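Novice: Here are the chains, one letter per residue:
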Amino acid sequence: MNNMVNKAQGFGLSILTKVAGSDLLDQLKLRKFLEKSLYQSSKAGFKTLSQTQKILKSGQKIQRQRLPHQSKSLFDLNLTEEQQMTCEAMQQFASEVLYPLAHDADHHEIFPEELWQYSTDLGLNFYALPEALGGVAAEQNIVSNVLMAQQLAQGDFSLTAGLLSTFSVINAITRWGSEQVQTEYLTAFADDPHLKATFAVQEATAAFNPYQLKTKATSNGDHYLINGEKTLVMLGETADIYLVSADLNGKTEVFIVQRNNTITAQKSPAMGLKATQTVNLKFNNTPAQRLGDDDFDYTAFLDLGNLMWCAMAVGTCEAVKKYCVQYANERTAFGEPISHRQSVAFMIADMAIEIDAMQMLILNAASLAESGQDFHREAYLARLLCAEKSMKIGTDGVQILGGHGFTKEHPVERWYRDLRATAIVHSGLHA
Amino acid sequence: MNLQNPKKFKLLIDQAHEVALNVLRPISRKYDKAEHAYPKELDMLASVVDGMNQGSEGMNAGAAVNKRGDSDESNKNGVNMSTALSIVEMCYGDTGLLLSMPRQGLGNSAIAAVANDEQLQRFHGIWAAMAITEPGCGSDSAAIRTTAIKDGDDYILNGEKIFVTSGERADAVVVWATLDKKLGRAAIKSFVVPKGTPGMKIERLEHKLGIKASDTAAISFIDCRIPAANLLGHAEIDVAKSFAGVMETFDNTRPLVAAMAIGCSKASLERIKEIFKDQLDPEYNTPFLQTSNIAAQIYRMEAEWESARLLMLKAAWMADNRKPNSREASIAKAKAGRIANEITLKCVELAASIGYNEAELLEKWARDSKILDIFEGTQQIQQLIIARRELGKSSSELK
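Top line first, the protein sequences correspond to chains F and W. Position 428 of the first sequence, counting from 1, maps to 449 under my numbering, and the rest follow consecutively. Position 113 of the second sequence, counting from 1, maps to 520 under my numbering, and the rest follow consecutively.
Check the hints yourself; a few may be wrong.
Stated by the list, open to error - Listed next, the stretches of chain W that the computed footprint assigns to chain F, with coverage defined by at least 3 CB atoms under 8 Å from CB atoms of chain F:
| no. | region |
| --- | --- |
| 1 | 687-700 |
| 2 | 704-710 |
| 3 | 782-794 |
| 4 | 797-805 |
To be verified - Pairs of lysine-lysine residues, derived as DSSO-like cross-links and limited to a Cα-Cα distance of at most 27 Å, are as follows:
| no. | chain 1 | residue 1 | chain 2 | residue 2 |
| --- | --- | --- | --- | --- |
| 5 | W | Lys615 | W | Lys602 |
| 6 | W | Lys415 | F | Lys93 |
| 7 | F | Lys343 | W | Lys800 |
| 8 | W | Lys483 | F | Lys93 |
| 9 | F | Lys413 | W | Lys806 |
| 10 | F | Lys343 | W | Lys730 |
| 11 | W | Lys673 | F | Lys93 |
| 12 | W | Lys730 | F | Lys93 |
| 13 | W | Lys437 | W | Lys777 |
| 14 | F | Lys413 | W | Lys673 |
| 15 | W | Lys447 | W | Lys673 |
Unchecked claim - Going by beta-carbon spacing under 7 Å, a handful of chain W positions derived as facing chain F:
| no. | residue |
| --- | --- |
| 16 | Met408 |
| 17 | Asn409 |
| 18 | Asn429 |
| 19 | Asn484 |
| 20 | Ser714 |
| 21 | Ala741 |
| 22 | Lys742 |
It should be emphasised that the hints constitute simulated quantities derived from the structure, not laboratory data. Quick caveat: nothing in here was measured; it's all calculated off a predicted structure. Glycine is no exception: its CB is placed at the ideal position from the N, C-alpha and C atoms.
Full structure from sequences and hints, please.
Specialist: Next up, the structure:
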């Protein structure tokens, strides 16, 4: 650890030290995982790191960051050593931190305060930040990001969504941000681990079409003004920064907005996602900057969000299956476990089949995306399949538990409500 | 992580695709009509395939897959995957004709999987069919009643086998028989019975719903004497291992049957997209809720198909990399079998009379696909296998 700290001198040092001192790391045996990631970054990014420090101090612009693509040849489902480690760590975090918090968070409709500290301790933002800004992202890691979302969602769907919203905004800024936006915001995220951000894309129209927005943007000198209303904004009341989609002269664009008094929020609890404290936001001549540059692709922006929701749906379906397996083996009827009945057992077999099926589509799309290839068709099909199959698993999960599944004694009813979001939400996260 | 077809198999896939379009499709309806007629056009094709197989990664049109290989740990895309990929294209041409390809029978897979070196050499180049099912046992292959009794240097087979694909056309049949009925599964062994062996008789050829180009034979064995050296693998009855060994063949062959289902339904899906091209958005830019009902149904089928295709490749990839894949092989077979049947039937429904009429092949593909959810383990058998694994149950608990 000392070696690493020496190397990571200067910029970001205080944050790293804080992370390093966390008891949670040891508790969850995450230290090795984090050290490895940081070691990789310090190895590769040491030079750039000190340069950035200088630039920041002089208040100059950073150069526009774009993470390089990965290149691939053979069909390969192996996880890298780092991906394995990340998955194990996230899985453990899911079962030991998220799952125990989930019931109350849903019940009280409050995102638990302590999760912010855990999120800082985990150093989630560092996975999204490029090396030049003290992060560990050396190339596009879309597969790793969706795997992370999937593992976390085994603990809880809503908490994962809330936990990953800031991370997702940083991903989006790193991928799409103009030099101006990156200069202002990436450095801010690197500096302040408590900065919170979220997306405002969804609007309250039936059969919502993310390409036809009622929210409008107008040009106003060197910036833009946003007018309109958004819904299902996760953690919208407490966020400092929003990525807002709006119609600009007939074309859909995404803007970055700082929280200010032109925005009004209204609580808007939904069927699920309760822990994310969803709100409606009203923008009234809200000043905004355009997020993107010449290479901005709104469809890919949406797809990379949808893939995260799909991955979370798979993770939650894994939790449903695990819970149902245990229940069906313990619950007896007519003198033997209900799992001895094909009508029950086949529901569980179908869960296993469709979980694997969903995962294949997500990984294919994510893998294409990080290698710089077109992945829209694959993401489209993944969303379609995940929306249907994850809800089927959600409803079968309640069915297997019967009347017990209908009560809050068991988590299956929460998963049922949360999984419905997979087909509904557009954007909201970003891989 | 990469789930795209490897570039090194592109030529192979393209070749198989051309064969499907130019050799199989033109005779597809002919042999659907002329059930039991031998598709002589395949002889030439089979020679071409044999020639390709001389190379390292050939176009195994059927199922001749060997699990053995080097112990190198690096990621491999091998013969399981190349075979699966070429089967997809061939069945896109015609599933019945793929099943009729000389020297590419399921028996060849069994030989490749369990034969010893001497047997591998002796049976090299033959066309071997597979005989498992009996009138009284289908999915319950442990209940096989055909007997093999040792007599000097020979075994004497007695029993009746049905549903033997290419049973009449093949050079030999790999027959599953029990050395001792009392010992259950462990005593089941497979035997290579050459065509024309006295005591082996083709009783009849079935008339079927689909895959009519492929012959399905019922064969009787009455005091059929074969050399003891034709028993594949080991003769000892090992209660712990033996049947598992026989079942292991399925880990390699189920992904290939899944590949057949992917190919067959690919044909229907492609045709229906052509028919309804005016309703579809080739760029997938219309959000799902904004598409027409027809388009929504087609996109849904496409998503199911893609997921099944990738599950099939996953199972084949695991076999290539010698990762235990029983679970994934069953998942691939279950998913591909059911979606192929669903897709081909739905395409007939969407095309209405055009789909139902023999002027198109859509109705044929809908008949062909049904067997793919039945043979090599029915949908329900796959679900049982998967459920037992998920629930940690034995076959006596979860029946």
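Novice: Does each hint hold? Answer for all of them.
Specialist: Evaluation of the provided hints:
1. 687-700: Result for this restraint: holds, n = 7.
2. 704-710: holds (count 4)
3. 782-794: Our answer is that it holds, as 6 residues pass the Cβ test (under 8 Å) against chain F, meeting three.
4. 797-805: Held - the region 797-805 of chain W has 6 residues with a Cβ nearer than 8 Å to chain F, which meets the minimum of three.
5. W/Lys615 with W/Lys602: It holds: about 24 Å lies between the C-alpha atoms, which stays within 27 Å.
6. W/Lys415 with F/Lys93: Holds, at about 12 Å.
7. F/Lys343 with W/Lys800: 15 Å, holds
8. W/Lys483 with F/Lys93: Answer holds: W/Lys483 to F/Lys93 is near 14 Å, not above 27 Å.
9. F/Lys413 with W/Lys806: Since the Cα atoms of F/Lys413 and W/Lys806 sit roughly 25 Å apart, the hinted pair holds (cutoff 27 Å).
10. F/Lys343 with W/Lys730: 23 Å, holds
11. W/Lys673 with F/Lys93: OK: W/Lys673 and F/Lys93 at ~26 Å, within 27 Å.
12. W/Lys730 with F/Lys93: Holds. W/Lys730 to F/Lys93 sits at ~21 Å (cutoff 27 Å).
13. W/Lys437 with W/Lys777: Holds, at about 20 Å.
14. F/Lys413 with W/Lys673: 25 Å, holds
15. W/Lys447 with W/Lys673: 26 Å, holds
16. Met408: 5 Å, holds
17. Asn409: Interface hint status for W/Asn409: holds (4 Å vs cutoff 7 Å).
18. Asn429: 27 Å, violated
19. Asn484: Constraint on W/Asn484 satisfied, holds at 5 Å.
20. Ser714: 4 Å, holds
21. Ala741: 6 Å, holds
22. Lys742: This interface hint holds because 5 Å falls under the 7 Å limit.
Violated hint: 18 only; the structure is consistent with all others.
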